[in-house]
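Those sequence lines, one after another, are chains A and B. Numbered according to my numbering, the first sequence spans residues 1 to 360. Numbered according to my numbering, the second sequence spans residues 1 to 350.
Mixed in with the good hints there might be a few duds.
Quick list of simulated restraints, FRET-style, between CB atoms [as the list claims (entries may be wrong)]: (1) B/236 to A/53: 41 to 47 Å; (2) B/147 to A/160: 27 to 33 Å; (3) B/204 to A/127: 20 to 26 Å.
In silico DSBU-like cross-links for lysine-lysine, where the CA-CA straight-line distance does not exceed 30 Å [said to hold, decoys possible]: (4) B/310 to A/43; (5) B/331 to A/52; (6) B/248 to A/334; (7) A/123 to B/149; (8) B/329 to A/324; (9) B/249 to A/43; (10) A/106 to B/14; (11) A/234 to B/331; (12) A/299 to A/155; (13) A/234 to B/329; (14) A/43 to B/143; (15) A/106 to B/143; (16) B/329 to A/52; (17) A/43 to B/331; (18) A/100 to B/149; (19) B/249 to A/334; (20) A/43 to A/234; (21) A/323 to B/329; (22) B/305 to A/324; (23) B/102 to B/305; (24) A/334 to B/329; (25) B/102 to A/43; (26) B/223 to B/310; (27) B/331 to A/323; (28) B/147 to A/123; (29) B/102 to B/223; (30) A/242 to A/100; (31) B/249 to B/223; (32) A/106 to B/310; (33) B/331 to A/324.
Negatives, chain B to chain A, calculated, CB over 10 Å [what the hints assert, rightly or not]: (34) 45; (35) 54; (36) 147; (37) 219.
Think of the hints as simulated: they come from the structure by calculation, not from any bench. Ideal Cβ positions, reconstructed from N, Cα and C, are used throughout, including at glycine.
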Amino acid sequence: MKFLTEYRNPEVVREYLDELHRTVTQPWTIMEICGGQTHSLVKNGILDLLPKQVTMVHGPGCPVCVTPLGIIDEAIYLAENEGVVLCSFGDMLRVPGSEKSLLEAKAGGADVRILYSPLEAVKLAQEHPDREVVFFAVGFETTAPANALSVVQAKQLGVKNYAILASHVLVPPAMEAILGDPDNVINAFLAAGHVCTIMGMEEYFPVVEKYQVPIVVTGFEPVDLLQGILMAVKQLERGEAKLENQYARVVQREGNLLAMQTIEKVFEVSDRSWRGIGTIPQSGYEVSETYASFDARRKFNLQLAPVEENKDCIAGTILKGLKKPFECPNFRTKCTPEHPLGAPMVSSEGACAAYYHFHA
Amino acid sequence: MTKLSIQLNCPMPKLDFDIITLGHGSGGLLTHRLLDAGVFKLLANEFLDEQHDGALLDLSGKVAFTTDSFVISPIFFPGGNIGELAVNGTVNDIAMCGAIPKYLSLGFILEEGLRMDDLWEIILGVKHAAAQAGVQIVTGDTKVVEKGKGDQIFINTTGIGVVHPAADIRIGRIRPGDQIIVSGEIAAHGIAIMSVREGLEFETDILSDSTNLNFLVKNLLDKLGEHVHFLRDPTRGGVATTLNEIAKKAGLGIELAQAQIPVNEQVDGACELLGLDPLYVANEGKFLAIVAPESADEALELLRKDGKGKNAAIIGHVTENHIGQVLLKSKIGGRRVVNMLPGEQLPRIC
Numbered sequence: 001m002k003f004l005t006e007y008r009n010p011e012v013v014r015e016y017l018d019e020l021h022r023t024v025t026q027p028w029t030i031m032e033i034c035g036g037q038t039h040s041l042v043k044n045g046i047l048d049l050l051p052k053q054v055t056m057v058h059g060p061g062c063p064v065c066v067t068p069l070g071i072i073d074e075a076i077y078l079a080e081n082e083g084v085v086l087c088s089f090g091d092m093l094r095v096p097g098s099e100k101s102l103l104e105a106k107a108g109g110a111d112v113r114i115l116y117s118p119l120e121a122v123k124l125a126q127e128h129p130d131r132e133v134v135f136f137a138v139g140f141e142t143t144a145p146a147n148a149l150s151v152v153q154a155k156q157l158g159v160k161n162y163a164i165l166a167s168h169v170l171v172p173p174a175m176e177a178i179l180g181d182p183d184n185v186i187n188a189f190l191a192a193g194h195v196c197t198i199m200g201m202e203e204y205f206p207v208v209e210k211y212q213v214p215i216v217v218t219g220f221e222p223v224d225l226l227q228g229i230l231m232a233v234k235q236l237e238r239g240e241a242k243l244e245n246q247y248a249r250v251v252q253r254e255g256n257l258l259a260m261q262t263i264e265k266v267f268e269v270s271d272r273s274w275r276g277i278g279t280i281p282q283s284g285y286e287v288s289e290t291y292a293s294f295d296a297r298r299k300f301n302l303q304l305a306p307v308e309e310n311k312d313c314i315a316g317t318i319l320k321g322l323k324k325p326f327e328c329p330n331f332r333t334k335c336t337p338e339h340p341l342g343a344p345m346v347s348s349e350g351a352c353a354a355y356y357h358f359h360a
Numbered sequence: 001m002t003k004l005s006i007q008l009n010c011p012m013p014k015l016d017f018d019i020i021t022l023g024h025g026s027g028g029l030l031t032h033r034l035l036d037a038g039v040f041k042l043l044a045n046e047f048l049d050e051q052h053d054g055a056l057l058d059l060s061g062k063v064a065f066t067t068d069s070f071v072i073s074p075i076f077f078p079g080g081n082i083g084e085l086a087v088n089g090t091v092n093d094i095a096m097c098g099a100i101p102k103y104l105s106l107g108f109i110l111e112e113g114l115r116m117d118d119l120w121e122i123i124l125g126v127k128h129a130a131a132q133a134g135v136q137i138v139t140g141d142t143k144v145v146e147k148g149k150g151d152q153i154f155i156n157t158t159g160i161g162v163v164h165p166a167a168d169i170r171i172g173r174i175r176p177g178d179q180i181i182v183s184g185e186i187a188a189h190g191i192a193i194m195s196v197r198e199g200l201e202f203e204t205d206i207l208s209d210s211t212n213l214n215f216l217v218k219n220l221l222d223k224l225g226e227h228v229h230f231l232r233d234p235t236r237g238g239v240a241t242t243l244n245e246i247a248k249k250a251g252l253g254i255e256l257a258q259a260q261i262p263v264n265e266q267v268d269g270a271c272e273l274l275g276l277d278p279l280y281v282a283n284e285g286k287f288l289a290i291v292a293p294e295s296a297d298e299a300l301e302l303l304r305k306d307g308k309g310k311n312a313a314i315i316g317h318v319t320e321n322h323i324g325q326v327l328l329k330s331k332i333g334g335r336r337v338v339n340m341l342p343g344e345q346l347p348r349i350c
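Produce the complete structure using the sequences and hints provided.
Spelled out as structure tokens, the structure:
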């Protein structure tokens, strides 16, 4: 676990901070895309150490936060079906649907299980041939390969009682949605290191080109983040717009080809609704026709009525970086992790929860 | 899996049943057979031998009294079992009152179908832990519930202890400037349990830290007496939750230095992989001592002399600032709030 100490070395952190202070001459607004980065920035107290000219805004890269209410309702509907075992990553359990959360459904008797890997769910399906096992396949490009692999594996093994409820979203279209917004305030992006580990960097070149915005592929440890911020600020100060890779120890330009092939096999790109933001064209994955029998939506004929978001929640404004969580009138009052109005207050990667838990 | 760290030389007698049935809770012949073979023989002492409805105890002075229920799953875990845990948990709660634990009650709620050899193993765990802590099981109860109405075995233990003559452990005695000491590396119990939970299994050597703390505490009180202002064992919810409770109740603030908090490297790595914060992970063999600043170094030295306290560390202090809040200075020098968790700590997606 070398990265635990090496990339958290206080002296190295101090050096980058000093250089950042020396480099910056004017105000810049930088968005970190990924919720994991938000979490690390806040948890390590980095925000307070940055020069006051550098404002970090927290992007929509929390898969839990952007999963629309309707899909959570679908998951709850499935979980409450007696024949179904609904498996999910832990984070999703507390997110409120339109009436309740998966955790509440579980308390009411639904069979909801927390797993770390969809492959475990396939195993579970093999062990319980009399039940239908559904994996709530949430995430960005990062979790897509494992979710796709579970479907491929289930097909190979002839496991018929397994399906996924896909809720996958893609980063580049979301960046474009933010940059295309007339109210956009973002000068540069830290791209999500883990997403790029899978997908590589190619799809970010056109974004840099079109919007003339610096993008730095960045990791998650304090040293990673500060280095990424410094690289972005240097570009901005020089008036450049390039795609750079801070996370080169992990991310390769071409990405993980095998993982991408697996994704392509199982998923196809589709329009997707993002909680708080709305529909973004070509910004999600759906199970392809070839694997239709592993698609929970088709298998269980899910056609739930569309639901309305809570009007008091300004999640969209937060996720686009237009407001900070504490600028929301309901922050810490009507909206807390115990009684969240929206997902960013629930997930450990959500900007609101990060501020609630860690910010003084 | 090794069920018990120290195997005791008490093989299970030959019984004409190998699983628990409803009859074992009936109070009739089956109950007697179970208790005679299992409980009374293994845990024998002058009080229990009476087999009366309750125990008659001779206690003088101020008494500490506590109860706790144990519903852990799985019932056998790396480094212990539910039986040991049930004894250590209550022993430690008494110790945290500044008392010397003496007597425990033992209440079993068994689920129909529990394997007799598992129950035997658990009672051995009780026996072992009680002997280690120097306490006696003096009264008890056994009930059996239908299959599906329990989770193999639940245990309740209630304990009585005599307050140490030099102890005055109260929240009201915490003062600004007091130092906060943790008796060793945190988060091992929670991670050991996680490592064997269904669907989360991962390879690790991490063992639960379940152990008694009463001798460690007694030693501290013998030497430092009233300079020890407060004691708590950070079990469920971990160090973060316990310190939040203390800050709120005491009406003071707490400042922690992340760099000083002892966490075993493997535990830290597992927390990282699982997306958990060790500050919120349960401990079953650690305590927090809040001591007068002038006695902090001596307290630390005393703890470190004992094997159970060898990794003890001063992790923070009490302050008049930010009342009711716990602040943490991160390793890299930033500051953040350490809040209470709204519910269970849930693993992250990625």
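Mind listing which of the numbered hints don't hold for this structure, in increasing order? 10, 14, 22, 25, 30, 32
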